[in-house]
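Numbering of the sequence shown is given in this note's numbering, commencing with residue 1059 and proceeding in unit increments.
Hints in this document: simulated from the structure, not taken from any laboratory. A portion of the hints provided could be inaccurate.
[What the hints assert, rightly or not] Only pairs whose alpha carbons sit at most 20 Å apart, straight line, appear in this in silico PhoX-like list of lysine-lysine:
(1) Lys1143 with Lys1069
(2) Lys1115 with Lys1098
(3) Lys1075 with Lys1143
Just so you know, these numbers come straight off a predicted model, no measurement behind them.
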Amino acid sequence: MNKMKLKRKGKVPLVYKPVGFALSWGGGALAGLAFQKAWKVLRHEDNAPDALDRDRKWGEILLAAAVQGAIFAVVRSVVDRSGAKAVQRATGVWPSGDKTGRD
1059 MNKMKLKRKG KVPLVYKPVG FALSWGGGAL AGLAFQKAWK VLRHEDNAPD
1109 ALDRDRKWGE ILLAAAVQGA IFAVVRSVVD RSGAKAVQRA TGVWPSGDKT
1159 GRD
């Protein structure tokens, strides 16, 4: 590795943190919309049950939580991976300082 790449390698993870935060925030909003649409398709209801909904049964609440969790995990992975690949293409350096990924 040349000196420029070594210098850049140390700075990219630090610079990527606010970019990664913005991507995650946008991904969370996108996942929320996707969950609302998925719930409407699954249960033909506009609102998913909340854990504190007195009139909902355990099965409904747990189903909603499982679907929401799965959608959020998939969207987060897609957004994080796409952002990291874009940074690598632009800078030649993977944005995570180590091989372990998230903090």
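Hints, one by one, checked against the model:
| no. | hint | verdict |
| --- | --- | --- |
| 1 | Lys1143 with Lys1069 | 16 Å, holds |
| 2 | Lys1115 with Lys1098 | 18 Å, holds |
| 3 | Lys1075 with Lys1143 | 14 Å, holds |
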